Each structure stands twice: as C-alpha cells, then as structure tokens.
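K.L.:
Model the full assembly from the supplied sequences, consistent with the hints where possible.
4 protein chains.
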Amino acid sequence: MGKDIYRKRLKIPMNKEVLAFLSSLNDDLWIAEEDIVGTEVHDIMLHEQGILTKEEISQILKSLEKIKKKLINSTLVLNESFEDIHPFIEQSVIEEIGMEIGGKIHTGRSRNDQVAVDLRLKIRKELNQLSGGLFELCEVLMDLSERSQHVLMPLYTHFQKAQLGSFSHYLNTYLEQILRSLERIEEIYKRVNANPLGACAIGGTNIDIDRKITMELLGFESIVFNSIDAVSSKDYLMETMQCLALMALQFSRIDEDLLVWSTKEFDFIEVDEQYCSVSSVMPQKKNPDTLELIRSGCSNVITNSFNCAMIIKSIPTAYFRDFQDLKPLLKDSFDRIHAIGALLKGIFSSLIIKEQNMRLAIQNSNILALDVAEFLVRQYNIPFRLSHEIIARLSRGERQGLNIYNKIELEKMIQDVTKKNLTLPDDFEELFKDPEKCIEKRMSMGSPSRSEIKNNLILIREKKEKLSEAHGKRMNKLKKAESLLSNKIEELS
Amino acid sequence: MGKDIYRKRLKIPMNKEVLAFLSSLNDDLWIAEEDIVGTEVHDIMLHEQGILTKEEISQILKSLEKIKKKLINSTLVLNESFEDIHPFIEQSVIEEIGMEIGGKIHTGRSRNDQVAVDLRLKIRKELNQLSGGLFELCEVLMDLSERSQHVLMPLYTHFQKAQLGSFSHYLNTYLEQILRSLERIEEIYKRVNANPLGACAIGGTNIDIDRKITMELLGFESIVFNSIDAVSSKDYLMETMQCLALMALQFSRIDEDLLVWSTKEFDFIEVDEQYCSVSSVMPQKKNPDTLELIRSGCSNVITNSFNCAMIIKSIPTAYFRDFQDLKPLLKDSFDRIHAIGALLKGIFSSLIIKEQNMRLAIQNSNILALDVAEFLVRQYNIPFRLSHEIIARLSRGERQGLNIYNKIELEKMIQDVTKKNLTLPDDFEELFKDPEKCIEKRMSMGSPSRSEIKNNLILIREKKEKLSEAHGKRMNKLKKAESLLSNKIEELS
Amino acid sequence: MGKDIYRKRLKIPMNKEVLAFLSSLNDDLWIAEEDIVGTEVHDIMLHEQGILTKEEISQILKSLEKIKKKLINSTLVLNESFEDIHPFIEQSVIEEIGMEIGGKIHTGRSRNDQVAVDLRLKIRKELNQLSGGLFELCEVLMDLSERSQHVLMPLYTHFQKAQLGSFSHYLNTYLEQILRSLERIEEIYKRVNANPLGACAIGGTNIDIDRKITMELLGFESIVFNSIDAVSSKDYLMETMQCLALMALQFSRIDEDLLVWSTKEFDFIEVDEQYCSVSSVMPQKKNPDTLELIRSGCSNVITNSFNCAMIIKSIPTAYFRDFQDLKPLLKDSFDRIHAIGALLKGIFSSLIIKEQNMRLAIQNSNILALDVAEFLVRQYNIPFRLSHEIIARLSRGERQGLNIYNKIELEKMIQDVTKKNLTLPDDFEELFKDPEKCIEKRMSMGSPSRSEIKNNLILIREKKEKLSEAHGKRMNKLKKAESLLSNKIEELS
Amino acid sequence: MGKDIYRKRLKIPMNKEVLAFLSSLNDDLWIAEEDIVGTEVHDIMLHEQGILTKEEISQILKSLEKIKKKLINSTLVLNESFEDIHPFIEQSVIEEIGMEIGGKIHTGRSRNDQVAVDLRLKIRKELNQLSGGLFELCEVLMDLSERSQHVLMPLYTHFQKAQLGSFSHYLNTYLEQILRSLERIEEIYKRVNANPLGACAIGGTNIDIDRKITMELLGFESIVFNSIDAVSSKDYLMETMQCLALMALQFSRIDEDLLVWSTKEFDFIEVDEQYCSVSSVMPQKKNPDTLELIRSGCSNVITNSFNCAMIIKSIPTAYFRDFQDLKPLLKDSFDRIHAIGALLKGIFSSLIIKEQNMRLAIQNSNILALDVAEFLVRQYNIPFRLSHEIIARLSRGERQGLNIYNKIELEKMIQDVTKKNLTLPDDFEELFKDPEKCIEKRMSMGSPSRSEIKNNLILIREKKEKLSEAHGKRMNKLKKAESLLSNKIEELS
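Protein chains in written order, with this note's numbering: chain D, 670 to 1162; chain X, 670 to 1162; chain R, 670 to 1162; chain S, 670 to 1162.
Worth flagging that the hints you see were computed from the coordinates, not collected in a lab.
Keep in mind that this is a model prediction, so the values were computed, not measured.
For every residue, glycine included, the Cβ atom is placed at its ideal position computed from N, Cα and C.
Warning: the hint list may mix true and false statements.
[Unchecked claim] Cβ pair distances, simulated, as ranges:
no., chain 1, residue 1, chain 2, residue 2, range
1, X, His1007, D, Glu1078, 51 to 61 Å
2, X, Glu1151, D, Gln1032, 40 to 50 Å
3, S, Pro997, D, Lys881, 40 to 50 Å
4, X, Lys731, D, Lys1106, 38 to 48 Å
5, D, Met1144, R, Gln1032, 57 to 67 Å
6, R, Asp1004, X, His1007, 17 to 27 Å
7, X, Gln1048, D, Met1144, 37 to 47 Å
8, R, Gln1032, D, Asn1026, 13 to 23 Å
P.N.:
Rendered as structure tokens:
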C-alpha cells in the first residue's frame, strides 16, 4: 500500500515529518473497533437499500470481520504511511477483495460522519463502563458507611473544628455526590447515543441511504437530524468532558480529605501500604503517593476539558481537522477517571479508621459550643444572638482557664450578657460529656445523628437502585442491538 | 452599628484594608433579595414549629419587609463596616426591633446553609430568565430560517467550499444546539432547585426545625438531605457554570461564522449598523465590533467556569471562605450570557442576507464534485472510490482548463480510470447547472434539500414547544410558592 | 455631546443595550490619566514638528490639563453615550476650544496606537508599584527570618515529617522565590517600556511625526518599530499576566503552608485576629478567612492569564475589538496581587510562632532517621543503601517498640542486615537527643544549619539590594522624563 | 530484580494496578540520560571529597556508562516492576557491581534533588534546541521578507481592510515576535541552568558534599542555594511552560493568518500540497489540515501550562508526588513547539504568494481613505477630525456611486463639511492610483514604506545576530563542561 487512496486530488505524497504531525493513526486504535462496526452497519444498510448486492455485502463483511479479529487479537499491523485509520481500513478491504467491490464501502458516507459515529459509539461504551465502576465504588462506600455509623468524628469548616459528627456522615456526602454524577451520565448518555451517520461530509448525499436502519443496528436511540449539526457540533463531547471534570473535582476534594486525615498531625485514617511509597533516602517515610497522584490526575481531567473548549472555540461551524486533537484528550480523561475510581474503591476498601484518634480530637475541644448555645436557647429562651455571644466570650477567654462546659463560669457569663440570673441544671456538665448522647440531640433532617445517618443510607440506597436499573436498561438495549447486528453479519457474510 | 455582631469571639475589629479584601458586601447585593426571602421563610417555619411566637414573627417579618422594600427601591444604604450582607441584615433587624426578638432570627441556622439557599434561589431565577431569553432567540432564528429556505449557500469544511447547502440549514444547526442547551438547563434546574436550609453550619441543629416547610415555601422541589453535602458540595454551581460555558462555546462559533461571512471577501451577510463601530482614523471602516466582543465575552464565560473549578479544587470537603469568590464569577457569566443572547437575537433580527453573493460563490466552483461523483455511482455503478478518483483527477487539472462538469473531459477521465467506455447523457451539463435542482437530489434525511429543511423546522418547533411547556410548568410552580409565601407574610405580619 | 464624533461613517447612533455591552468607558478610567498624558505628548511632538502652531498647542494643553485635574480630583463626569474614553476626551477638548484647533489633536494617530501607549504606561506604573510592594514584603520576611533562626521545625515532604529544619529556612525559601519574581519583573519591564505611538491604525501615517520625541517625553526606553507589531502584538501584556500568575502560584503555596500550620492539629503558628473571621453560629470558631481568600484570589490571578490567552488566541494578527476585554483582567490581576502582597506583609509582621509546638513535633518522631543512616555511612562505611535498609526496618517495626535511636536495637539490626558486628559508641543515643546539635551536622551548602541559614540570608540581602538598585534606576529615569514633560507643558501652555 | 530497593520500610510490594497508576517509568526515559549523567557527576564529586575510593568510583562509572550506552542504542530493557527510573538504575548498578560498592551511589543525595537536576538539565537542552530551531525559522522568514518587499497587500483590522501595506511588513511582525521569544528564552535559561543537587530530600545532608564541584561538572552557572527551594520551587518549570505557551499564542495567530489567507475568498497565498490533506468524499477538496492541527496543537501547549499551574497550586511548599505529572506535560509542550516551529519553517519556505490577488484586493477599495484624509490635513490644514468626517461621509454614500478618490465629489463634500471652497489639484486622482507611490508617502518610522521595511529588516538582523551570539556562548560553555566531564569519566573509570 503506497499513497493514501484519498489523495488523488494531490500530485505528491505527504512529507514524512508532516505525516508524523498530522497522523492520528495510533490514537485511532482507541476507536478502531467502533470504526469497523460503523462501516459494517453502513454497508448492511446499503445492501438493504439495494445499493450493494448480496455478493458484494458478503465479501465486504467477511473482509471487515477479518480485520476486526486481527484488531481484537492485537495482530493488526498498521501501515504508518496512512494519516488515519479510515483510509487504512478501506484500503485493506480493497486490497483483499478488489476495487470493484471494495471500492464501494464508502458510498454515501464521509470521514466526517464516520468519525462522529466512532466517537459516539466509543463515548457510549466508556460512559457505560464508568457507570459500572461508580456503582462498585458506591457499594464499597455504602458498606463502609454502614460499618462506621458509630464512629464519631469532628466535622471541620475552614480547617477548624466545627461540629461533632461522624465518619459515616462524610462517606454519605461522598455518595450523594457520586450519585448525582451517575444521574448526569444518564442525561448525557441520551444525547450521546444518537446517530450522526448519513450526514456525509456536511450536506447529506444523493445516495438513497436510510438513517433509521443504521440507527437501529448501532443501538442508537435517535438521529442527529441536521447534517451540519451531525458533523460540526461537539457539545456531546464537551458535556462528557465537563461531566468527567466535575467528577474529578469531587474526587479531588475527597482525596484531599484523605490526604489531610493521613497526616500524623490529624492521624484519623491510614491508607493501606499498597497505596503508599517510600523515600529513597529517608528510611522512616511512608508517603500516601497514590493520593497525591490522584490529586494531580484530577487536574489533568479538569484541564483536558478546558483544552477541548479552547480547541473547539477556535473553530467556526463545520468540520475542521482541529477536532482530531480532541480524541486523545477524551481518552486520557476516561482512562484517568476509570483508574481513579478504581483506586478510590481499593483505598476505601482497605482503609484503616483510627476511631480512638477521632475521639481524642473531640475531647478537650470546644466542638459542642453550638450545642451549648442551642441548649440555652431551648431551655431558657435566650435569643440565639445573645446565647452565641455568651459562648463566644467564654471561648475567647479559653486560655485563662474558662471552659464553655463549666456550669459556674457559664452562669456568670449568662448574667454578664443577659443581666439575668439563671441556674443551670446540676447535671449540666454531664449533658456534654458523652458525645454519643450529644449527637442524638441533633435531630434535624440530614444531621449526623444515628437515625438520620440511617435515613440517609436508605435514601442513598434507593437512589442507587433506581440509577442502577436505568443503567441496566441501557445495557440491555445495546445487547439487543449487538445481537441483531451479529445475526445480520452472520446471515449476510 | 459598629463591630460586626458575629465577632464576639475576637477582641479586635477588623483592619480596614483587610476588610476591603474580605468583604463581599457589594457583591452580595446580587443575592440580597433572596437572602431576605430565605430568612423570612426560615423564621415563618420557626414560628410554625412553635419556636417563635406570633408577636415575634410579626415584628420580624415587618422589619424584613421594610429592608426588602428599600432594597427593591435601591434606597438601602450598606454599612461598609460589615464583611457581608448577612450580619448587616440581622443587625438592621436587631437595631429596629430590639435584641429580645431580633436576636432570634438566626436560630437554628448558619451563614453556611443561608448562603447556599441564596445561591440556589438566585441561580434558579437566572436559569429561568435564561431559558426565557433563549426561547426568544429561537423564535427569531426559526422565523429567519423559515424566510430563508430558498437561500442557497456554499457549505464549508476546513474553510474550503464543500457542498451546496442553504442558509436555512445553518440556522437550523444553531437552533438544534440551543435546544440542547435548553434541555440541559431543564436537567440542571432540578438539581439546583433543592433545599439546603436546615443543614446549619455543617452538622445540623438541636433546634426543632422542619426542612419540608421551608422547602415548600421556597418552591424547592426536594431537599439536599445530607448536611455536609448541603453546605460543601458545589456541583450545582459548577454544572451551571459548565452549562453556561458550553453555551458560550456554541455562541462563539456562531459568532465566528458571522464574523467570517461579514468580511468583504466572503460578503455573505451584513450586520446592522447599530452593532458596528467605526475607526478613529480610518474613515472608510465599519467594523462589526459587537461580534468581536461577543467572541471575547464567550472566552470570559468559558474561563469563569475554569476559575470556579480551580477555586473549588483547592478545598477539602466542607465550607471554606474561598467559596465567596465563586459568586462574582457566577454573576459575570450569567450577565454575559444574557447579554450575548439578547445581542444575537438583535443581530439575527436585523441581519442582511446577501443572497446574490452566496449564489455567486456557488457558481464557477467545483462545489458539486461529490454530486457528480455520486451521479456516476448511481447511473453507472462505478465504485465510489473510483468515481472519487475520476473527479479528483479532473479537479487537480483544473488550472489547465479541465472542468468537472464538462461531458467530454469527464468521459475521457472515466475511461482513463475505469478503462470503460461510457457515454454520458447529452443533457449531462444541464444536470448541474441549476443548484435548485441539484439540491433536491440530496434526499438523505437531514440534508439541505427543501423538504428536509422543512422537516427539520417541524422537528425543531416540536422540541421547542415541549421545552417551552416544561419551562412554563417550572414558572407556575414558583408562582404558586411565591403567592403561598406572600399570603403567609401578610397573614403573619 | 450627542453622537460619538468618530461615527460619521454610520447613519444611526448606537442602540443603548448594544452600547452597554460595547462600552469600556468605566473600565477606561483605569488608564484615563495615561491617555491624557499620551495625547499631550503626541501633540507636543506635533508642535515640535511644525504641525501644530504655538497657539494651537497652548490651547490644547490647557484644555487637557483641565480634564486631567478633574480626573485626579474625581470630579470628571463621564458621558455614558460614548463607547470609550478616547472620543470622550477628544470631544471634550473640541467642545471647549473649538473644532478648528481641537479637531487637530488626533492628527497622525489612531485609537489603536493610542490605547497601546496607555496600556504600556499603565503596566509600567503597576509593575513599579508591585516591585515596591514586594521589596517591603521582603523586608518583613528577612526581618522575621533573622529573628527566628533558632526556631527549629520539622520539614515535611508529602505532608509527612521528613527532616529536621528551621522556620527561618522556610522563610528564606519564600524570599528566594519572591526575588526571582522581582528579577522577572525587571526583564519584562524593558519590553513593556517601549513606544508604540506612531504606528497609527496599523500601517503608519503620512503625517511627519517623530517617534523618538514621544519616546523620550514618555520615558520609554525604546520604540516598537514595526507598526503592525505595535498595535497587534500582545506579548508584553501576556507576559505580564503570566508573571503575575506565577507570583500567585508562589503566594498560594505560601498561603497553603500558613493554612495548614494554623490548624489546631499542626498548631505551629497563629494568624493575628485582624486577619480572622468568626462563625455566625459556632461561637468557638476563629477562622483564618484571609488566608482562604488569598488562596481563591490566587486562582483568579492565574485564571485571568488563561482568559487573556483564550481571548488573544481567537484573533489573527492585527487589531480587533476583543482586546478591550483584556484590560479589566489586567486591572483585576494587578489589584489582587497588590492586595495579597500587602496582606501577606501584614500577616507575617504579626504572626505568632508557636516554637514549643514545633519542638514537640520534632520530639518523639523519627525525623532524624536519615541523620542516623548517614551516621552509619560516615562512621562505619556502611553503603548507604544498606544503612537505609537498616533504619527502614527499624522504622517498620516502630509499633512493636523498636526505636531507631535505640543503641541495642540498632546494633542488632545492623548485624541482621550487614552480617557485621558493630559496636556503636556509648553516647550514641545522646548524639540524637539535642536537635540543635543535630542540625549543626547538616553542613551541606544551603542546608538549615545555623551557618548556612546565615549565609542564605546574606545572599538574599545581596540579591535584594541589587534588584532594589535597578528598580531605583527605573524610577529615576521616569522622574526625569516626567519633569521634562511637565516643564514642556508649563512652557507651552 | 524483585521488590523496589527503596521499599524496605513497607511490608508488601505494590499492587499491579496501583503500580500502573503510580509508575512514571516510561515517561522517565525522556530524562534517563540526564539522570545517569547526574549520578556520575554526583559520584565523581563524592570521590573527589574522599567519600568514594578510586576503585569504587571506577567500578561505578563503568557500570553507569554501560547503562548509558544501552540507553543511547535503545537496547535498555526496563523492568516494569519499578515505580520510576531512579531505583531501576541504582538496582542495575548494584546487581552488576555488588552492594558493597553499588550501594554507595546514592550517598548524600535524594530522589528529590536528583529529579530536580534531571529536569533542569533536560529543560536546558530543550531550550537550546528550541533556540536553534527558532533561528532557522527566522532565517526562512527574513529571506522571504527580503524577497517580498515589493509585494503590496491590504492590512486588515477587525477583518476589514484598513491600510495599504506589504506582505513583508507582516513577516517582519512575525520576526519581531519570535525574536522577543528568543530573548525570553535567554532570560529563563539562566534561572533554569542552576544546580539543585545537594539539597537532598529537603534539608541537606550530613555527608561532606561539595555543590560547587557538581555545578561545574554539570555546566550549571549557579547554585539553587536554599535546600527547600531546590526541591520544592517549580517556577523554573512554570516559566518555561509559560514561555512555550506564549510562543504557541504567537504561532497560533500567525497560523490563523495563513488559514484565512488560504481561503478561496481571500486567496492571497497557497500552502504547498505536502501540508494539505484531502477529503474522503469530496474530490475537489484540498484542505490546509496542517494549519488546523497547528492551531489545535497551540491550544494544547497553552493548556498544558494551565495544567501545570493547577497541579502546582494544590501543593504546599515542599516536595509532593503530584510533581511527577508535570514531566509529561513539559515533554508534550516541547515536542509540539519543536514540531510546529519546524512545520512553519517548511510552510513559509514553500509558500506561494499570490501577488496579483493581493493587488486586486487593494484596487476598487477605499483602503487609501486615511491617506486622502491626511492629504487634506497636510495640504489644506483641515483639522483631522473634519477631514475624517469628509471622507467618512463620502464612504457612507459609497453605494450611490460616491467615490473618495473623485475630485469633484470630494470638493463638494469639503465644502459641505468645512464651508470652505477648496480646489484640489488637477492630478488629484492620479495621486492615489499607484499604490507603490502611495506607500512611499507613509514615511513614519516603522511603516510599510520601502525604506522603513528595509530599516526594519536591518534591525531584525541585528537583534537576531546578538541573540545568536548569546546562544553560541551558552552552547560553548556546555561543550566545555561536557568535555571536562567526559575526561574525568575516562580518567576515573
């Protein structure tokens, strides 16, 4: 195979250095299987429309199936003199079965709608895989959350102790975020899963194609009607990248929690050794390097979406070669998110929770300050703003031995601030000694009290089941389309 | 009003320079009305839960209504010594009705869930306004598309003439994109429109609040259950920013089309003078400056979303002050997208379409090359790859006087390539003379043929109606909630 | 003043809504003074070239000086019907002194080179101010570093204790970074400080102007020769934005250090109350909000630079209106960096260093592991890789009571690993008890030993002096040019 | 080789999936040669300091040279069970020459300062190569500019014809920008070319190393003194990325010029076929795909720098594993910029300039409007603002047959506007017929008149020579250091 079969318009072949810059051949392997399937379906449709004879479609399918098999077995040898995978495959077919038949496989189609099909099929597949991985991560988190409902922990805001909470409460927050991402995937999926084939270069074709047939055989749920839209619009890709970026943003924050809690200074958790690295010189070090690389990996996923935006922004409506540079970014983001999801699953599965240290961090702190203030509000009808002031002034004096749980000091301060003489109950100090009891008084919906944690877990499980079902439906539809297609291929080839 | 009422914990007031950096007071005006409404609803709920007496809620509501009125009349004077709007409003109430009652308005609530409510209410409002604006833009585009179905135009890929098309076909592409954005808004809306109130600082409250009551009065459709999630997660904000960024990306490409077509070299359209500027020295110039500022404005909207991502990425789970810097970015993006949408509406309403120039650009070009190639495929069963080669070789020789529409030359080339002797019909050249006829042969679904353009417009109108209905429902629900609330306020104050 | 004086080419004035989007009038106030000075210099040059008479230049200068005075006194009233400041000022002059003379002020000049002058003058000024601020910050840091040379502190890598160090050593790192930024400013400055005036719209002018005269009067050091380059290239702006972004990156990391050290879990420092905020509900909280807003502010500065890049990237060579949107970004970045620099100065000036806590964090840790390993290397010629293994295995067993400073355990482990029988000195454990002594053995250049800290401070001071001198020279040159100009103005007006 | 030799601290080896995520082994090949050289130099220094014996250094160097040779011959087989290149090389040496000697090569050094050396050496090399490539590109552009001084061309602003200019004038703008980039590289180079070796992990070492020796042998010009600074600060990397991003921004705009000029509608240039691609279906198409991929490639380079910023921003002072993800971004940006520079060189070398079309675009346009207006200013002392109005009003009426070069119409309009009766010279219309003559009247410094184009080229050549000389000096210094080192290696091994 010498010169690119499409290059008949030009007198000279491409310079090697230029080819190296222009070529997407290796990147195209990512979508090669989708590309072959797309061509098979297109040609079956041409046959059903009477454009290819039975003999023709049979030979074409046989030849394409051979290439597909080589691809799956990793025995396909790419010819580096091709700019991309599309002419390479067409030329391979022509070489095998001759120009008279092989020269017809691209009838009524352009590389523009072809590559759009490939990308949509691939993104669809990746989104389904991603959902699957996220459901597994959810299971691990739900399980850990169930098991750690009793683990009390300080909640922080501004890196400072804020309110008494629980480890399970944090995990449920993570779950809520991941479930929303799963919801978003579901929404994006339906826009991705639409058929652009038949748009041809940009303005359709004179060939009597049927876009509904290809839609069904490829398992698409709808058709990207307008032919310019089908080859030019990249919002399905862009919203996929944004969805991954948003996930990376969530993962990065979860990861940052783990990093901070892993310091010896916090020491709330320990990440399993298999996720740690060591120092080449400092023998005492055990560093949670995986967490750090998850953090930087998330930057990559976020920035990839900015990169896509910048590439697309330079382009007027219509197809431009710039689009080629979107594919590696898409692949990189999916690869990283898959890996990060899997790593987080492993990290949470094997996480050591240092319950004692969390407990210690609660004790000897003023973390119940709001609870005390609200106690004053509820028991003595002190306006919250005054109650807040009372505890604030006690806190301020902390160093001089004042203590917000000290009955006498508190009574004094109440008098200072409200000018009222109150007597706190004798067991006042007892009320705030046992964090288990304190947290049970936090009865507002969604709080970290035991019952609300349980309610949260119930809601989470319901949401997860619903999303899981929807995912199952997606997968079933695809399986049906796949089996329809493989039957056709068998029948026709 | 001197020192910030929340600052009782600290001994000294804030340095002026520091205050200037920390203060969000002026930015907060954007959410001030939402803030007051949020407080009113919270306090009505406290009353319904028996925490505020009838007298108390009456005085509180009266005082808050006064501030709201001032705000709406732009007569509210901000006290610059406050860090943000929240203590300013609380202090204003306390000043007016005294600490005994006024000091209770913040009971069972934190600035953290308060600001989350404000932002969600505001984003909801902006999204509704945005949808409204986009529907108007759609109407203008649909109308223009209807009126310009007959306007033939070259379709370009790679900035080079590709296929014969029509101006209406381009406009329909724009419409398809905008309709998908409207769909996305619909999806995001339901995640935005959820009640975070009741999460308090991060871990809920001991006060007997009822989150369902506030949900209903504020017109929210659901509750952000988990209290950490409610104050810490920013995905509702982030996906809003991403949605605006994606819209900016679409608008920027549309805008770039207009810019290119406005050059004297293309000269396909003329943007109305009201959108143009002039040169301070070159008297002949009329520059479509509005288009250029739309382009740069789109960069701002896109980058704002990455700015938010970078800010959020630095933060572990929980509330941090960094979030404050998200609000101006959100406001800036909404303001710009509203303005750009309105400008595009105006620009398309007044656009001059230079039909003659488009026609000229079609003539004397090889734009029907694919049509000729497909003619050979259909009439003579020549494999497309050979047919492509035939026309490509004719095109290559263009300069030497070869012409792809020339019967004799084409017959010669067919023989050269296929070694077959074909006689083209006598009226062959006539077949490609009239673009109106040529485009009618492009019968594939979604092509720019007249009938497909019509079909596209029907589909577009259907989609638009469906989305418009959904938007109407959203608006109705809000109106009901608003009237419920205003009745309560009237009744209680 | 009605219609924009430049708009003679167009029949209709600009729509209000469009004007609002297009107008940069308010943003232009940032460069208004520079704009007037630029015009004065241009017109003085026209006079010296014989193009304006003595009478003409006199009236023009008087009129411009009046506007400048109003501007400085903030009494200038902008007419909102102007798109930008340039026609507004020209029209103001014409209104005052008549068209016959006032109509000549823009001779041989365009808004394109005019705005380029304004921006370069303004950036120059801001860079000089920035250098000044950074020198002040350096002084504070150098002073604090001098005073805290004795304060030992753990150095961390991967958020885990790595080696024994000192607080001063950290501060010196900050200083080194800031000094490199000052060096970069010096380099950028010379490319910013070049005269674009005289490029006119893009291709020069037929008027007999002299670009050297304007260069001298404006204090520029060179001329942007090529006229396209002068109005189209934005690399001077872009490299300024990048320099600020890099500074933001450094500041953000310094800020993150302070944030982490301020947690109660690390508790190495305390940020002064004036930089802290409180909670609206949690009375015990004292949050270092300033640090958090510095962190998010740094995101803004970094992203602004990418926003500029995205705006510029969309534009071919030449002047486009998109450039207008660069100015507010430039202003925002300078404003934030000035503020952040000043805040850091204040924060470090008032920082409380908790020496005891740092000392505690050193004790009972394995932070001297590398020192022990290197002791084995130096005293017993044990290959470092084995010595590393010996200590690593002791560290691993830490929980079972093994201790890397324990003579007997260490001797055992040496034997296990090297199969050699070694006897450590009797005072072995003493050797690692006193961190002051240990750190003195770290004699490599640039280490945190006392002498190297001193050397570092000497080098830092030298660098600072050298840069400070260069800055002084810049300032002197400007003062000379300014006094030359004000003399001319006095003489001619 | 089984378990990573550094992992003695941990009980279990790393999970395969985790290793795949953490490993930088393949990316490290980019810096492998630098890594070996760094180790050789470090160990030679240890020998000169008496820490390694003659025998020891000899064996070490022999072993390292072997690995280096394999690397250069691409016969080095990586062991995938290593996390990165550093332990792999150390282990290889130990395997070959035994632990007793091989175990000493890492004495007094950490992976942290080691990787900092590698990166600085590599960036230095890449910067030198980049400068070399840019000088070649300059030569091509200077040559083309010399040859096309006579080629007149319209200058555009806002995509609209602005002033008469020349093609050479555009090329000179490109040259000015590239020369400034070369200047920036020179400045950055001196900060990159500094020795971090000897900082060890973060706090120096107890081993008696000499950082000046390694500085000299590695050809560094200075030492990164402070040990935290040496391993933690990434500004040398960041400013390199920013410099490449700025270059990408310039290249992208140049590229956009070529793209626009390549449209059939402008048709000013033709990019050689070897840089073009074709359509898979549209036989007539010849698309300048290389230009499009340069444009998207520039987005990648710009965004890479944002990615680095985001990664670094997440990190407090000190070393974190996140840094690992910077290397592939650095490599990608350098690779792309090298390729883009080379492609632009090729494209400009083979560019076809369509002089006739440029000339046509000048004729029948109002491009001399400013020249006419300035003629009125110079000949009749009409205030420029009025002269601008006169031509503007003629331009406005363009369609009704008014013509700004028409003597009679112009006289009429002068009277309308100025109320003065002027008689233009009889040969008035002749004055603006010949663009060659018109451009010669544009005598302001830096304009596109022939003499100023010549002056510009002289200045450009001077600047280029000066920068080229500086580059030569850099290269010479490196050669000296390299030969010093290879002599030492020969002598000692």
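K.L.:
Hint by hint, note whether the structure agrees.
P.N.:
Taking the hints in turn, this is what the structure says about them:
Taking the beta carbon of each, His1007 of chain X and Glu1078 of chain D are about 55 Å apart, inside 51 to 61 Å as hinted. For Glu1151 of chain X and Gln1032 of chain D, the Cβ-Cβ distance of about 48 Å falls inside the hinted range of 40 to 50 Å, so the restraint holds. Distance hint check for Pro997 of chain S and Lys881 of chain D: the Cβ-Cβ separation is about 44 Å, which falls inside the suggested range of 40 to 50 Å. Distance hint check: the CB atoms of Lys731 of chain X and Lys1106 of chain D are about 40 Å apart, consistent with the given range 38 to 48 Å.
Distance hint for Met1144 of chain D and Gln1032 of chain R: a CB-CB separation of about 58 Å, consistent with the stated range 57 to 67 Å. Between Asp1004 of chain R and His1007 of chain X the Cβ separation comes to about 26 Å, which falls inside the hinted range of 17 to 27 Å. Taking 37 to 47 Å as the suggested C-beta distance range, the pair Gln1048 of chain X and Met1144 of chain D conforms, at roughly 45 Å. A beta carbon spacing of about 19 Å between Gln1032 of chain R and Asn1026 of chain D agrees with the range 13 to 23 Å that was offered as a hint.
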